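S.K.: Read off the chains here:
Number of protein chains: 2
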Amino acid sequence: MAKRAVVLVSGGMDSAVVLAWMKREGFDCIALSFDYGQRHRVELECARRVVAKCGVIEHLVTKIDLRTIGASALTADIAVPKDRVDVISRQEIPVTYVPARNTLFLSYALALAESRGASDIALGVNAIDYSGYPDCRPEFLAAFSRMANLATRAGVEATASGGCAFHFHAPLVALSKCEIVKLGAELGVDFAMTISCYDPTSDGRPCTRCDACHLRALGFAEAQQVDAGQSAATR
Amino acid sequence: MAKRAVVLVSGGMDSAVVLAWMKREGFDCIALSFDYGQRHRVELECARRVVAKCGVIEHLVTKIDLRTIGASALTADIAVPKDRVDVISRQEIPVTYVPARNTLFLSYALALAESRGASDIALGVNAIDYSGYPDCRPEFLAAFSRMANLATRAGVEATASGGCAFHFHAPLVALSKCEIVKLGAELGVDFAMTISCYDPTSDGRPCTRCDACHLRALGFAEAQQVDAGQSAATR
Numbered sequence: 010m011a012k013r014a015v016v017l018v019s020g021g022m023d024s025a026v027v028l029a030w031m032k033r034e035g036f037d038c039i040a041l042s043f044d045y046g047q048r049h050r051v052e053l054e055c056a057r058r059v060v061a062k063c064g065v066i067e068h069l070v071t072k073i074d075l076r077t078i079g080a081s082a083l084t085a086d087i088a089v090p091k092d093r094v095d096v097i098s099r100q101e102i103p104v105t106y107v108p109a110r111n112t113l114f115l116s117y118a119l120a121l122a123e124s125r126g127a128s129d130i131a132l133g134v135n136a137i138d139y140s141g142y143p144d145c146r147p148e149f150l151a152a153f154s155r156m157a158n159l160a161t162r163a164g165v166e167a168t169a170s171g172g173c174a175f176h177f178h179a180p181l182v183a184l185s186k187c188e189i190v191k192l193g194a195e196l197g198v199d200f201a202m203t204i205s206c207y208d209p210t211s212d213g214r215p216c217t218r219c220d221a222c223h224l225r226a227l228g229f230a231e232a233q234q235v236d237a238g239q240s241a242a243t244r
Numbered sequence: 010m011a012k013r014a015v016v017l018v019s020g021g022m023d024s025a026v027v028l029a030w031m032k033r034e035g036f037d038c039i040a041l042s043f044d045y046g047q048r049h050r051v052e053l054e055c056a057r058r059v060v061a062k063c064g065v066i067e068h069l070v071t072k073i074d075l076r077t078i079g080a081s082a083l084t085a086d087i088a089v090p091k092d093r094v095d096v097i098s099r100q101e102i103p104v105t106y107v108p109a110r111n112t113l114f115l116s117y118a119l120a121l122a123e124s125r126g127a128s129d130i131a132l133g134v135n136a137i138d139y140s141g142y143p144d145c146r147p148e149f150l151a152a153f154s155r156m157a158n159l160a161t162r163a164g165v166e167a168t169a170s171g172g173c174a175f176h177f178h179a180p181l182v183a184l185s186k187c188e189i190v191k192l193g194a195e196l197g198v199d200f201a202m203t204i205s206c207y208d209p210t211s212d213g214r215p216c217t218r219c220d221a222c223h224l225r226a227l228g229f230a231e232a233q234q235v236d237a238g239q240s241a242a243t244r
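Here the protein sequences come in this chain order: W and F.
Position in the first sequence (from 1) plus 9 gives the number in my numbering.
Position in the second sequence (from 1) plus 9 gives the number in my numbering.
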C-alpha cells in the first residue's frame with residue numbers, strides 16, 4: 010500500500026504543483042483546504058477543481074475563523090497593497106501576513122495526518138521569490154517538524170523505536186517562481202485551474218495588481234510561458 | 010500598562026486556576042475557549058462563568074471542527090473509558106487523546122496573541138498526575154515555544170533585537186491534582202463554576218466515572234477539601 014500524505018491545497022499555483030509532485034513521488038494524497046474568512050475565497054473553488062483533476066483519497070475543506078483574530082489585509086478591513094512592482098526586492102513583512110497562519114494550517118494537517126495514518130505532510134511555501142512571511146522559511150518548518158513529533162501519539166511511538174512519525178515536504182521552498190512554473194509544466198499541472206490573487210474582483214477574477222498577481226506574472230514571463238490561469242480562473 | 014496574556018480557558022478546574030494565577034501575576038488576560046465538537050460542550054458554559062467572575066479584557070470562543078478529524082473518544086463515536094480507578098498508574102495514551110489538540114489550541118492562542126499585542130500565553134497542562142497526553146509534557150511546550158518565535162512577525166522582530174516575542178506559562182505542569190486544588194483555593198478560585206468530565210449527562214452533570222472525574226475526586230480527597238463543583242456545574 011502506498012504511503013499516505015496530507016497536502017495543503019489552497020487553489021493557488023504553488024500548492025497545485027506540490028500536489029502533483031507528491032503524487033509523482035507515489036503518495037496517496039489527502040488534500041486539506043481552509044475556508045478561513047479570506048477575502049479571496051474564490052481560491053476554494055479552484056482548490057476543488059485542482060483536487061478533482063489530480064485525484065486524492067479525501068479532500069477536507071475546514072472552516073476556521075481567522076476574521077475574529079484579524080490583523081491582516083487578507084482577513085480584516087485593511088487594504089491589500091497594489092502596484093508594488095518592486096515586490097521581490099522589498100525587505101519587510103507585508104500587511105497580507107496573517108498571524109500564525111501556517112502554524113495553524115500545519116497544526117490541522119498534523120491532526121488530520123495522525124487520524125488518517127499519514128506519515129507525510131506537504132505544503133507549497135517558498136522562501137526565494139520575495140514573500141517576507143516568517144512562516145515560509147526552512148527554519149520555521151524544521152522547528153514545526155520537531156514540535157510535531159513531540160506533540161503526538163504517533164510521534165511518541167515512533168520516537169520510542171528510534172524513528173520519526175511525520176516528515177514535512179516543502180519541495181518549492183528553494184525554487185524561484187519561474188522554476189515553479191517550469192516544474193508545474195513538467196508535472197502536467199493545469200494552471201488554468203488555479204488563481205493567485207489576494208483581492209479578486211466580485212466575479213472571481215484576479216485583480217492583476219496585488220503582490221500575488223505580480224509574482225505570478227513575473228514567474229510566467231521569466232519562464233517564457235503563457236499563463237492559462239488567472240483570467241480563466243472562474244470559468 | 011499591564012502586559013497582556015492569552016489564557017486557554019476550557020471550563021475545567023485546571024484552567025480556572027491558571028487564569029487566576031495569571032491575574033495575580035499582573036497580566037491583563039484575554040481568554041480563549043474552543044467549541045471543537047467535544048461531547049462535553051457543557052464546559053463552555055462553565056468557561057463563560059469562570060471568565061465572567063475572574064474578569065478579562067476579551068473572551069473569544071472559537072469554533073473549530075475536530076469531529077471531521079475524529080479518532081478520539083472526545084470527538085468521535087468511541088466510548089469514553091469508565092471506572093478506571095487505576096488511572097494514575099496507567100502507562101498509556103488513552104483513547105480520549107485528541108490528535109494534535111494542544112498544538113491546534115496553542116496555534117490559535119499564538120495567532121490571537123500576535124494580533125492583540127500579547128506577549129504571554131498560558132495553559133493548564135499537567136504532566137504529573139497521570140494524563141498520558143504527549144502534548145501536556147514540558148518538552149512539547151519547549152518545542153512549541155521555539156517554533157512560535159520563528160513562525161511570527163513578532164518573533165522575527167524580537168529575535169532581531171536579541172529578545173523573544175512569546176513566553177509560555179504552564180504553572181500547573183509539575184503539580185499534583187491535590188496541589189492544584191490547594192493552589193486554586195489560595196487564589197480564591199470558585200471550583201463550583203467548573204466541570205471536569207469527558208462524558209457529562211444530557212443535563213450537563215458529570216458522569217463521575219470517567220478518568221477526568223476520577224482524577225478530580227482524587228485531588229479533592231487528597232487535599233481534604235469538599236468539591237463544590239461538578240454536581241453543581243450546571244446550576
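These are computed hints drawn from the structure, not numbers from a lab.
All figures in this text were calculated on a predicted structure; none of them were measured in a lab.
In this text, a Cβ means the ideal position worked out from N, Cα and C, and glycines have one as well.
Among the hints, a few may not be true.
Stated by the list, open to error - Computed list of chain W residues with no C-beta within reach of chain F, every gap over 12 Å:
hint : residue
1    : Met10
2    : Ala11
3    : Ser81
4    : Asp92
5    : Leu121
6    : Gly172
7    : Pro180
8    : Asp199
9    : Arg218
Said to hold, decoys possible - Every beta carbon over 12 Å from chain W, so not counted as near; a handful from chain F, in silico:
hint : residue
10   : Asp37
11   : Arg48
12   : Ile73
13   : Ala85
14   : Ala109
15   : Ala118
16   : Arg214
Claimed, not checked - Computed Cβ-Cβ distance ranges for the label pairs, DEER-style:
hint : chain 1 : residue 1 : chain 2 : residue 2 : range
17   : F       : Cys173    : W       : Val104    : 22 to 32 Å
18   : F       : Glu67     : W       : Lys12     : 35 to 45 Å
19   : W       : Ser211    : F       : Met10     : 16 to 26 Å
20   : F       : Ala151    : W       : Arg76     : 26 to 36 Å
21   : W       : Val182    : F       : Glu34     : 52 to 62 Å
22   : F       : Glu54     : W       : Ala201    : 47 to 57 Å
S.K.: Provide an ascending list of the numbers of those earlier hints which the structure does not satisfy.
M.R.: Violated hints: 3, 5, 12, 13, 14, 15, 19, 21; rest satisfied.
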